[in-house]
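Chains A and B are the protein sequences, given in the same order.
Each residue of the first sequence is one higher than the one before, counting from 262 in the numbering used here.
Each residue of the second sequence is one higher than the one before, counting from 5 in the numbering used here.
Some hints could be false.
[What the hints assert, rightly or not] 27 Å max Cα-Cα, derived DSSO-like pairs, lysine-lysine:
(1) A/Lys283 / B/Lys45
(2) B/Lys40 / B/Lys26
(3) B/Lys22 / A/Lys283
(4) A/Lys310 / B/Lys44
(5) A/Lys330 / A/Lys283
(6) A/Lys319 / A/Lys330
(7) B/Lys45 / B/Lys23
(8) A/Lys310 / A/Lys330
(9) B/Lys22 / B/Lys40
(10) B/Lys44 / A/Lys283
(11) B/Lys45 / A/Lys310
(12) B/Lys44 / B/Lys26
(13) B/Lys23 / B/Lys44
(14) B/Lys40 / A/Lys310
(15) B/Lys45 / A/Lys338
(16) A/Lys310 / A/Lys338
(17) B/Lys44 / A/Lys338
(18) B/Lys45 / B/Lys22
(19) A/Lys283 / A/Lys319
[Said to hold, decoys possible] Far from chain B by the CB rule (all over 12 Å, computed), these chain A residues:
(20) Asp270
(21) Pro279
(22) Lys283
(23) Ser287
(24) Thr333
(25) Ser347
(26) Val375
(27) Trp376
FYI, nobody ran anything at the bench for these hints, they're computed from the structure.
Using N, Cα and C, we set each Cβ at its ideal position, and we do this for glycine too.
One-letter residues, chain by chain:
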Amino acid sequence: AQSVAQPEDQVNVAEGNPLTVKCTYSVSGNPYLFWYVQYPNRGLQFLLKYITGDNLVKGSYGFEAEFNKSQTSFHLKKPSALVSDSALYFCAVRDERGSTLGRLYFGRGTQLTVWP
Amino acid sequence: ETGVTQTPRHLVMGMTNKKSLKCEQHLGHNAMYWYKQSAKKPLELMFVYSLEERVENNSVPSRFSPECPNSSHLFLHLHTLQPEDSALYLCASSQTPGQGATGELFFGEGSRLTVL
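Chain B on its own, in the form it takes in the complex (with noise of 0.2 Å):
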């Protein structure tokens, strides 16, 4: 088992739809964030969960909505979407620097959105 799994792998949505991505850890991490990468672009930070607690913000459209209710599991909810949010969204998780900790991401393997 992977130490972090994403799920659904693949969603295709209307613009009108509502639907969730999940996100679970293994690693007993207690930090998890959410990144979009496009196409042709940088790897964008979305969204960053430190102990449960939203940490980072990044100027993300409110049609995106984080939760992460324990240190294990974090979900992206999605609703009234546009086209151009079609990607693949990573979650990643790690330990905060400190006690032996380096900070490294542990991603997962992605879940590829397409908003028609």
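Chain A on its own, in the form it takes in the complex (with noise of 0.2 Å):
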């Protein structure tokens, strides 16, 4: 079975410092993984994703996300964290054997809060 967890509803960091929102997953196959953003009364933005290669893949708004295989885990950093920042961020996962549809199975969310 496929699923995604999100081990912390909340995630609070001052202005300027790095911030990490984690993520593990658990498929069958290959991953493919994915973040997304979610401001208030929006809908989900994508902010990128890791489909094969470079274990390290950066993405929309300074935003960098780190596939670890053994750990199976898919974590969300940025280096310096602002204001702006501050919102609801999902991870995501689909088996790369899975249907032709591409199911994506997402977290529960992490709100991160960032204060100036």
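If you follow the hints, you should be able to join the two separate chains into one complex; please do so.
Here it is, written out as structure tokens:
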């Protein structure tokens, strides 16, 4: 079965500090991994993805994520947080060998708050 | 213009009303999705259409009726809803994986539904 866990409901950091939002996954085959961000009363916006290749992937707004196969993790990171990064973040996974439709499995979301 | 457009953005309806949510995608994708997002609950996948054929229906009550007349348009018809159906309804589209497509979803801004 495919699943995603975001162990922290909330993450609080001070502006200018590095931030990490954690994600672990479970799939049968090779994972395709995604991060999305949601601002209040808005839809989910795609941030970045890992498909294959370099374990460190870079995305929008200065975010990056590190794929760690041995730990089955895909943590989202940013070297210096901004107040405007405050939002709800979702990790998602699909199995490379999954159905041709490519259904994504989402985590429950982590609310990031950056204090000025 | 955003890739996925949802209308209306806000809808208030009584329990005996009939209304519809509309979604249009301008990305040339061949799959479309309805998700329900309620406060304090995970994203719920409601329906999936691939090439205009419904391929997934996750035990959604019959008071929700989807329609996909073509690959660019998706509707969610609402009839005799309950107050607990109040939520943010998100439409998404994707290209089925393969031939270079990796299957990530692109979301609309959502329709905020309140049932009185």
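Restraint check for B/Lys23 with B/Lys44, where alpha carbons must lie at most 27 Å apart: holds (25 Å)
Pair hint B/Lys44 and A/Lys338, alpha-carbon separation not exceeding 27 Å: holds (24 Å)
Proposed proximity, A/Lys338 with B/Lys45 (alpha carbon, max 27 Å): Holds, because 24 Å separates the two Cα atoms, which is no more than 27 Å.
Given pair status - A/Lys310, B/Lys45, alpha carbons within 27 Å: holds (24 Å)
Status of A/Asp270, Cβ more than 12 Å from any chain B Cβ: Non-interface label on A/Asp270 violated, nearest chain B Cβ at 10 Å vs cutoff 12 Å.
No chain B beta carbon within 12 Å of A/Ser347's: Nearest chain B Cβ is 18 Å from A/Ser347, so the label holds.
A/Lys310 paired with A/Lys338 [C-alpha distance capped at 27 Å]: Holds. A/Lys310 to A/Lys338 sits at ~13 Å (cutoff 27 Å).
Separation of A/Ser287 from chain B, once the least beta-carbon distance is taken, above 12 Å: Fine: 15 Å to the nearest Cβ keeps A/Ser287 off the interface.
Proposed proximity, A/Lys283 with B/Lys44 (alpha carbon, max 27 Å): holds (19 Å)
Given pair status - A/Lys330, A/Lys319, alpha carbons within 27 Å: It holds: about 17 Å lies between the C-alpha atoms, which stays within 27 Å.
Separation of A/Pro279 from chain B, once the least beta-carbon distance is taken, above 12 Å: It holds; A/Pro279 is separated from chain B by about 26 Å at its closest Cβ, greater than 12 Å.
Hinted pair B/Lys44 and B/Lys26, Cα distance within 27 Å: Distance of about 25 Å is within 27 Å: holds.
Consistency with the previously given hints fails for numbers 3, 20, ordered from lowest to highest.
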